[in-house]
Amino acid sequence: MAETAQPLGAENAARRYQLFVNGKFTDSRSGKTFESVSPHDRSVVAVVAEGDKPDIDAAVAAARAAYEGVWSTTPPGERARLLLKIADLLEANSAELGRLETLDMGMPMVMSSAMGAVSADVFRYWAGMATKIHGLTGEPMRPGDYLGYTLREPLGVVGGITPWNGPLIMAAWKTAPALACGNTVVLKPAEHTPMTSLELARLAAEAGLPEGVLNVVPGFGPTAGAALASHPGVDKIAFTGEYVTGRLIVQMSASNLKTVTLELGGKSPHIIFDDVDLEAAVATALFGLYMNSGQICSAGTRILVQESLYERFVERFVERSQQVKVGDPMDFATRMGPLVSEEQLRKVQRYVEIGKKEGARLRCGGGQPKDPALARGFYHEPTVFAEVDNKMQIAQEEIFGPVASVLRFRDEDDAVRIGNDVIYGLAAGVQTKDLKRAHRLAKRLQAGTVWINTWHMIEPNSPFGGYKLSGYGRENGVAMVEHLTRLKQVWVDLNDFTMDLFA
Amino acid sequence: MPGCEGMTPRAHRLLARVRAAAGTGGEPFAFMISGGCCGGTNPVLCHRSNIIEGFDVQLGEADGIAVYAHPDHARYLAADRFLIDALDDVRSDTFSLEIPHGGRFVLRELSADGL
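Going down the list, the sequences are from chains A and B.
Taking my numbering, I'd label the letters of the first sequence as residues 1 to 503.
Taking my numbering, I'd label the letters of the second sequence as residues 1001 to 1115.
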């Protein structure tokens, strides 16, 4: 079986990664490479082959050949068996995959070490689905004896373009459903974080996935990403990222009318009523915001608190924010690691300046941690802005960092109005003990997911996606089968006579 | 016009490399301010043909290149004054055209007294 150029476990040397095309690890056609840098100390953790258009062309050709030659005729039961085997390997390698994820993007080990198992669950869910994808039979509306049925067929070659904020789970979301539905895949992982996607390819090959069925081509957006999105041999693109890139992909998809699903940004309202238990509400709000240093598109970044609870909530939320253990993500005690890159840190710093300029009250954080051990990393303190107005930029734009904007609301109508007054609609949340109110808000909030008294529940069997500028299409769950297959209608004449209209 | 008020020398040098690679007579460029998720709130260098006429809103310009945003996004950006700056870190989740040329455009706040 193909191997990466360097064995797992090399602690201090930069690992080397090649592209994975047609079942083999290979250099890019150009011979170019790029570095993956640790956000903890800026050391080079991997040197990665940089794919470009010719590599995408080769990967798409391999995926097409594998689709026509083997995968489209592989029985669903066999597809399921292979996906289950990949799941077992992901789980068995969970510790090492977590370590690579942490090296690559700074996700704390307490979270990253679960990603192998979480991704394995995605593969297991879709292994189950592979044997449950089928068409329907139907009767004609007109008189006569006809049999009608639909065939639910795969699309062909599916391109996946993933972000850096959850590299392995995003790779699982883009590959497992597509493979289960009988498609082959070309995956372009985010350039910050290619390692675990390439490890997934290695494990899939080890599980016996035929060559060409899954190809992974790391590279940059305007070269490799654009080549994939505009490729006439690709039938569908599943993209997770931001709005302008999503729009460029839609424009590029127009050439061959490939279908596109987009999971884009969010500025999710977390609505907290005054009937909650304060400690529980604060704990859920901390969880909703600071997971992965706030680098989750469905993070609860706009915290709306009922005015009668506002002061008490802010005081306790600030206290708890100051206690969040920020540090080296390799330490299992760390709850918040660095941001992924200098670009990301600069962006967060810029928003802190904007927030001050706009007149919001900076209640804690706002800078880099003082600990000299973290001085080289892209760290940012947990930061809380109070007295935020919903018209401010820090209330409207996705900061994608550990920055809370805490707003006031009067009553239910006010909460809905403020909650929905944003260009995104990925997620929303409500904390209240009033059951009826909670479900009323679930109906009225314009978001693809609504959480009640919880946050970050994103399951392989539940559809995830956005309203408004958060994109279209859904990932996970039965609904996704619609996005990865197409229908063919078949009609059979069962009558013993022939209708000879032109006699 | 509020919004983008130009670019830093570092951004200008990066843009010069992109222009040199594109040569003369290529498709004209535009900047589009990205929004949301991993690649959000950065100037994305794209082609003028990627801009949707009559929909996208112009927010100033930098070095002769018009800067645009989605109208709903522009409502919030319009009050802001910013420059286009550049970083050496080329990694980015966007399709911005400068990325293969050894840098990355970012936004930089312009304070009330200039830089």
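Everything labelled a hint here was simulated from the structure, so no lab data went into it.
Check the hints yourself; a few may be wrong.
Sample of chain A residues facing chain B (criterion: CB under 8 Å; computed from the structure) [unchecked claim]:
| # | residue |
| --- | --- |
| 1 | 92 |
| 2 | 163 |
| 3 | 192 |
| 4 | 226 |
| 5 | 245 |
| 6 | 248 |
| 7 | 250 |
| 8 | 266 |
| 9 | 398 |
Partial chain A-side listing against chain B, Cβ under 8 Å, derived [to be verified]:
| # | residue |
| --- | --- |
| 10 | 164 |
| 11 | 220 |
| 12 | 223 |
| 13 | 244 |
| 14 | 341 |
| 15 | 343 |
| 16 | 346 |
| 17 | 347 |
| 18 | 393 |
| 19 | 423 |
If you anchor each label on the Cβ, the simulated ranges turn out as follows [to be verified]:
| # | chain 1 | residue 1 | chain 2 | residue 2 | range |
| --- | --- | --- | --- | --- | --- |
| 20 | A | 453 | B | 1102 | 47 to 53 Å |
| 21 | A | 372 | B | 1013 | 49 to 55 Å |
| 22 | B | 1072 | A | 333 | 50 to 56 Å |
| 23 | A | 135 | B | 1006 | 57 to 63 Å |
| 24 | B | 1009 | A | 333 | 39 to 45 Å |
| 25 | A | 136 | B | 1017 | 54 to 60 Å |
| 26 | A | 277 | B | 1072 | 32 to 38 Å |
Just so it is clear, the structure is predicted and the values come from calculations on it, not from any experiment.
From the three backbone atoms N, C-alpha and C, an ideal C-beta is built for every residue, glycine too.
Hints not upheld, ascending by number
Of the numbered hints, 1, 7, 21 and 22 do not hold.
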